[in-house]
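Trainee: So you can see what is in the structure, the chains are spelled out below.
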Amino acid sequence: MAHIEEHKDTQAIQREKQNYIMLDLGKTPQFGIPAFIQVVKRSLSRELLKGLGVTFREMINALFKGKLHTTQYPFEKLPIAPRYRAIHEMLRLLESGHYRCIGCGLCEKICISNCIAMETRYDENQRKEVSEYTINFGRCIFCGYCAEVCPELAIVHGGRYENASEQRAGFSLFEDMLTPIDKLKEQNEFAGFGSISPNADENIKKTPLAY
Amino acid sequence: MEEIENNGIVSLIIDGKICTAKEGEYILNVARANSIFIPAICYLTRCSPTLACRICLVEADGKRVYACNAKVKDGMNVVVSNEEILEERKAIMQVYDVNHPLQCGVCDQSGSCELQNYTLEIGVDEQPYRIADVQRESSNWSSVLHYDPALCIVCERCVTVCKDMIGDSALTTGPRGGEGLDKELKDTMPKDAYSMWNKLQKSVIAPSNETDQTNCSDCGECIAVCPVGALVSRDFVYTANSWELTKVPATCAHCSSGCQIYYETKPTSIANRYEKIYRVTNEWNYVSLCGAGRFGYDFENRTASKDANALKDAVVAIKKADAIRFNSVITNEEALMLQTLKEKLGVKLINNDAKAFKDFMTYFANAKGSTLSNGNIRTMMQESDFIISVGSALRNDNPNVRYLFNNIQKLNKGAGLYFHPIGDKVIENLGKNVACIENKINSEEAVLYWILDNFADKEKLPAEVKDYLASLSTTTKKTISETVMEDVVETVVDEATGESKEVTKKVPKKVDKEIEVNKSKLLEIFGAPSDFADTIEKFLAKKENFSLVVGEDLYFHPRSKNLAILVALIESTTPFNIAIIPPKTNSLGVSLICDLDDECSGYVIGYNEVGDFRLSALGDGDLDMPAMNQQEGTLTNMHKRVVPTNAALSYNGYILNDILNELGMGERLTIDWTKELPVKEGFEAREFDSLPNGYNNDGSENRGYGLKSQKVKATESLPKEISSNEMSADVMAYRCNPQRQFNEFTATAHQIFEPFALYASEEKASELGSRVAIDLDGTEFVLDVKIDDRMSGDIVKLPDFKHSFEIYKFFGQNRFKSISIRKA
Numbered sequence: 315m316a317h318i319e320e321h322k323d324t325q326a327i328q329r330e331k332q333n334y335i336m337l338d339l340g341k342t343p344q345f346g347i348p349a350f351i352q353v354v355k356r357s358l359s360r361e362l363l364k365g366l367g368v369t370f371r372e373m374i375n376a377l378f379k380g381k382l383h384t385t386q387y388p389f390e391k392l393p394i395a396p397r398y399r400a401i402h403e404m405l406r407l408l409e410s411g412h413y414r415c416i417g418c419g420l421c422e423k424i425c426i427s428n429c430i431a432m433e434t435r436y437d438e439n440q441r442k443e444v445s446e447y448t449i450n451f452g453r454c455i456f457c458g459y460c461a462e463v464c465p466e467l468a469i470v471h472g473g474r475y476e477n478a479s480e481q482r483a484g485f486s487l488f489e490d491m492l493t494p495i496d497k498l499k500e501q502n503e504f505a506g507f508g509s510i511s512p513n514a515d516e517n518i519k520k521t522p523l524a525y
Numbered sequence: 002m003e004e005i006e007n008n009g010i011v012s013l014i015i016d017g018k019i020c021t022a023k024e025g026e027y028i029l030n031v032a033r034a035n036s037i038f039i040p041a042i043c044y045l046t047r048c049s050p051t052l053a054c055r056i057c058l059v060e061a062d063g064k065r066v067y068a069c070n071a072k073v074k075d076g077m078n079v080v081v082s083n084e085e086i087l088e089e090r091k092a093i094m095q096v097y098d099v100n101h102p103l104q105c106g107v108c109d110q111s112g113s114c115e116l117q118n119y120t121l122e123i124g125v126d127e128q129p130y131r132i133a134d135v136q137r138e139s140s141n142w143s144s145v146l147h148y149d150p151a152l153c154i155v156c157e158r159c160v161t162v163c164k165d166m167i168g169d170s171a172l173t174t175g176p177r178g179g180e181g182l183d184k185e186l187k188d189t190m191p192k193d194a195y196s197m198w199n200k201l202q203k204s205v206i207a208p209s210n211e212t213d214q215t216n217c218s219d220c221g222e223c224i225a226v227c228p229v230g231a232l233v234s235r236d237f238v239y240t241a242n243s244w245e246l247t248k249v250p251a252t253c254a255h256c257s258s259g260c261q262i263y264y265e266t267k268p269t270s271i272a273n274r275y276e277k278i279y280r281v282t283n284e285w286n287y288v289s290l291c292g293a294g295r296f297g298y299d300f301e302n303r304t305a306s307k308d309a310n311a312l313k314d315a316v317v318a319i320k321k322a323d324a325i326r327f328n329s330v331i332t333n334e335e336a337l338m339l340q341t342l343k344e345k346l347g348v349k350l351i352n353n354d355a356k357a358f359k360d361f362m363t364y365f366a367n368a369k370g371s372t373l374s375n376g377n378i379r380t381m382m383q384e385s386d387f388i389i390s391v392g393s394a395l396r397n398d399n400p401n402v403r404y405l406f407n408n409i410q411k412l413n414k415g416a417g418l419y420f421h422p423i424g425d426k427v428i429e430n431l432g433k434n435v436a437c438i439e440n441k442i443n444s445e446e447a448v449l450y451w452i453l454d455n456f457a458d459k460e461k462l463p464a465e466v467k468d469y470l471a472s473l474s475t476t477t478k479k480t481i482s483e484t485v486m487e488d489v490v491e492t493v494v495d496e497a498t499g500e501s502k503e504v505t506k507k508v509p510k511k512v513d514k515e516i517e518v519n520k521s522k523l524l525e526i527f528g529a530p531s532d533f534a535d536t537i538e539k540f541l542a543k544k545e546n547f548s549l550v551v552g553e554d555l556y557f558h559p560r561s562k563n564l565a566i567l568v569a570l571i572e573s574t575t576p577f578n579i580a581i582i583p584p585k586t587n588s589l590g591v592s593l594i595c596d597l598d599d600e601c602s603g604y605v606i607g608y609n610e611v612g613d614f615r616l617s618a619l620g621d622g623d624l625d626m627p628a629m630n631q632q633e634g635t636l637t638n639m640h641k642r643v644v645p646t647n648a649a650l651s652y653n654g655y656i657l658n659d660i661l662n663e664l665g666m667g668e669r670l671t672i673d674w675t676k677e678l679p680v681k682e683g684f685e686a687r688e689f690d691s692l693p694n695g696y697n698n699d700g701s702e703n704r705g706y707g708l709k710s711q712k713v714k715a716t717e718s719l720p721k722e723i724s725s726n727e728m729s730a731d732v733m734a735y736r737c738n739p740q741r742q743f744n745e746f747t748a749t750a751h752q753i754f755e756p757f758a759l760y761a762s763e764e765k766a767s768e769l770g771s772r773v774a775i776d777l778d779g780t781e782f783v784l785d786v787k788i789d790d791r792m793s794g795d796i797v798k799l800p801d802f803k804h805s806f807e808i809y810k811f812f813g814q815n816r817f818k819s820i821s822i823r824k825a
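Quick mapping for you: the protein sequence lines, in order, are chains A and B. Start counting the first sequence at 315; every next residue gets the next number (this note's numbering). Start counting the second sequence at 2; every next residue gets the next number (this note's numbering).
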């Protein structure tokens with residue numbers, strides 16, 4: 315029993331601490347006639363017309379002044395937050411236009427839904443080339459680990475969130491996700507998961523070079 | 002005296018743990034055997050310490066020593082790490098990280114890189130040292146080796162393994178062209194780190210023949226031992242990361258060495274999710290592979306499917322068959338199934354390589370009174386200091402025996418005699434105490450008699466043999482000059498005290514002496530060089546542990562029975578440990594499991610061989626069979642162990658067990674046969690799944706189980722006298738596969754390109770021309786002539802790895818054959 319007593323005490327203390335303001339709503343009528351009078355009073359006061367007035371004003375604005383609040387999806391889309399995790403994008407280097415991916419395979423390794431697959435090869439320039447790359451968006455859970463682990467900020471999350479498809483499996487190839495070369499100027503630096511923190515420079519100790 | 006009492010066993014404390022070890026062992030190996038971690042980069046078990054990395058620095062009884070080359074002493078106290086040592090190690094790792102590329106993402110070794118591991122382990126989080134880097138271009142050293150010097154940390158493991166284990170000595174350190182270190186560093190940085198860096202800054206690895214191509218046996222062991230991504234196989238570069246690959250522990254199925262390997266698999270591609278083998282790796286501290294084992298892995302039967310009609314045909318064919326012809330590239334379980342077919346259906350079993358081997362082993366057992374020889378190749382490698390090889394083209398027949406031969410020279414300060422009619426330039430150069438004796442063809446009896454004459458305990462020899470040996474020896478007088486140590490007394494004045502003292506000194510003096518020399522006719526019979534006796538005397542100085550390896554030439558020999566008896570006699574009367582090398586992969590297993598028959602007539606089933614109905618794992622038969630990398634089972638290797646192998650790749654067709662099931666004699670699974678292997682032949686009735694396949698930390702083999710030697714009745718133990726089987730012809734051919742080529746499966750692998758051709762030494766090849774027609778008992782083959790620049794002499798080598806040529810048929814009970822050749 316002791317703990318119930320204790321509980322009641324704490325409740326009382328809390329009530330004392332909180333400063334409630336009680337609204338004066340008058341007396342709620344209990345019988346037929348006074349209740350009827352209250353309804354009539356409230357209905358015929360200006361409150362109703364005020365509401366209707368707002369609706370009418372917005373209608374005029376929308377119909378004749380073009381001030382519409384509705385987003386005409388799918389013709390119109392709202393901008394998405396930079397940290398949102400939607401369909402992946404493959405970024406290019408701004409200087410050379412070459413894709414950033416170095417084929418290290420970390421995204422493939424870290425992927426918890428096992429939806430990334432890649433093939434690499436030794437190319438003619440003695441570099442590691444990504445010859446094939448797919449993400450199965452039917453399996454992807456958009457956890458963002460791939461973007462976080464990517465050492466080159468090559469794979470990032472973009473803003474394209476429409477994933478509806480006719481089949482469960484939906485594969486995207488490397489080229490599908492890669493920034494088109496003519497849109498390189500429009501490529502935005504990713505600010506989300508895995509991107510460099512604004513104070514990154516402060517956390518780095520420079521490697522000394524003798525030359 | 003204490004050591005003798007302890008039987009050479011000492012006890013010491015490493016890192017607070019009491020360990021026991023054999024005297025003369027290195028601290029590092031003892032620590033590893035006792036699961037104590039001492040960091041070490043450059044050291045390879047079974048090879049000599051190089052002291053390149055210096056990271057294994059420890060304190061033994063208060064003195065700084067390197068664990069990899071300091072030997073244990075009784076009562077020693079080894080401190081693995083203290084502040085000073087840790088500082089030194091950290092500096093070493095910091096130096097290793099100087100200028101090492103940071104693009105781990107594109108490195109093939111990333112994830113299994115020792116530089117990554119030690120950098121993390123030792124906790125390098127900053128970089129206090131610096132030096133200008135030099136341009137280092139990657140290059141291809143051979144058809145399989147890719148070297149990227151930018152990644153190389155010059156630990157010299159590749160150089161060491163190539164010299165001490167493989168014996169090619171194809172690699173060495175070359176100049177890097179880097180600038181020298183700042184002299185001030187010598188005083189400011191830890192001592193060992195400085196000297197390590199000083200050496201590192203001067204060198205890179207280069208082929209030792211001063212070209213940009215290695216001339217070696219392409220075994221790829223340097224790739225295996227490379228701690229970083231500097232040495233990678235050309236085929237593997239940038240194709241997979243180590244963590245993506247599934248390691249399937251297996252046994253290499255190419256030769257009788259039966260090395261433990263891992264098939265590393267991953268889906269073929271994004272579109273094709275069937276597993277593919279990307280590379281073969283090994284426990285390089287405990288086993289070394291050859292080129293066939295490492296690169297000959299893609300021999301799987303891809304075309305197989307469950308063709309029910311073909312299975313029906315196979316059942317019908319087996320029911321009416323008179324014989325089954327097969328070779329020894331099969332598992333023990335399959336051999337047992339074939340034996341079951343023989344027992345139930347009465348078909349004959351024909352296997353050329355195993356038959357000759359089985360006969361030899363039977364003669365050997367009948368002479369000795371028990372099966373199997375006493376020698377163990379792994380123990381030989383550790384202990385032996387004198388090795389004789391008779392009747393085996395070591396370089397081609399069994400690379401691991403060649404590694405044994407080499408390792409004995411390099412690590413045990415040993416000596417070796419290589420008896421073979423064909424000279425071998427690689428063997429010749431394995432050490433300065435190695436002699437290649439080009440004995441006359443079929444004169445191995447004389448060689449074995451010579452061993453008896455020189456090493457046998459005369460008390461134990463049967464009187465007949467003693468008399469026979471005496472009848473062959475002649476005594477001649479010979480004058481030799483001998484160096485004797487003479488005592489000379491000198492008076493010496495001690496400078497410090499001014500006292501004069503008489504000191505006795507030993508001074509060498511040359512004395513001419515006439516001695517009686519026993520010369521045996523045996524030397525003449527097998528064709529020993531004139532200075533043979535002196536060579537042997539030199540080689541035998543201070544030798545204690547003797548090994549003899551005998552090879553295929555002795556089983557395919559007109560006098561193989563007598564040779565087997567002689568080998569048994571050598572085992573019982575001399576200190577030699579003897580290893581008998583099975584000719585092909587599982588010849589030992591097949592010879593124990595199957596009753597083999599001689600001739601073959603009528604309707605023949607060919608299992609990977611020629612036949613009227615062909616079962617084939619090569620995809621070209623009437624019914625597909627799984628290849629060795631697609632099936633589970635056990636193999637019996639030359640170490641006399643029954644070792645398991647696993648399926649690395651999927652297989653869609655029927656297996657031999659399915660045929661037996663159709664006939665009502667099968668088991669549920671192939672591996673259910675494992676426990677049925679004949680116990681009376683030395684096998685154990687053990688389940689397949691209970692067989693381990695690995696190595697312990699101390700390097701001991703934990704694979705399968707050892708065959709047990711079985712007692713038999715000694716019936717014929719007296720060797721006959723030598724009978725002359727000299728052969729002479731314009732061209733002598735020797736049945737021998739090129740290096741890296743063992744059977745049809747290695748021939749299928751895409752990284753093994755040694756063709757089916759006639760191999761000859763440079764001189765002989767230029768004489769023969771580039772293409773020849775060979776007449777073998779009326780059948781003519783047209784073959785290319787390939788130069789094997791490591792052969793010498795006039796004998797040519799004719800391979801047997803393609804079954805369709807039926808080379809065994811032509812050679813019969815001999816590995817040599819006189820052939821006629823004309824230019825084509």
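Think of the hints as simulated: they come from the structure by calculation, not from any bench. The model shown is predicted, which means the values in this text are computed figures rather than measured ones. Every residue gets a Cβ at the ideal spot worked out from N, C-alpha and C, and that includes glycine. Be a bit skeptical, because a hint or two may be false.
PhoX-like cross-link-like pairs, simulated, lysine-lysine; straight-line CA separation at most 25 Å [what the hints assert, rightly or not]:
1. A:Lys520 x B:Lys818
2. A:Lys519 x B:Lys72
3. B:Lys562 x B:Lys511
4. B:Lys520 x B:Lys543
5. B:Lys343 x B:Lys676
6. B:Lys507 x B:Lys520
7. B:Lys72 x B:Lys543
8. B:Lys562 x B:Lys818
9. B:Lys359 x B:Lys787
10. B:Lys543 x B:Lys74
11. B:Lys248 x A:Lys423
12. A:Lys423 x B:Lys320
13. B:Lys818 x B:Lys803
14. B:Lys433 x B:Lys343
15. B:Lys267 x A:Lys423
Every beta carbon over 10 Å from chain A, so not counted as near; a handful from chain B, in silico [what the hints assert, rightly or not]:
16. Ile14
17. Cys105
18. Gly106
19. Arg131
20. Ser270
21. Glu525
22. Glu538
23. Asn694
Trainee: Run through the hints listed earlier and report the numbers of any the structure violates, in increasing order.
Mentor: When the structure is compared with the hints, numbers 1, 2, 3, 6, 9, 12, 14, 17, 18, 19, 20 turn out to be violated.
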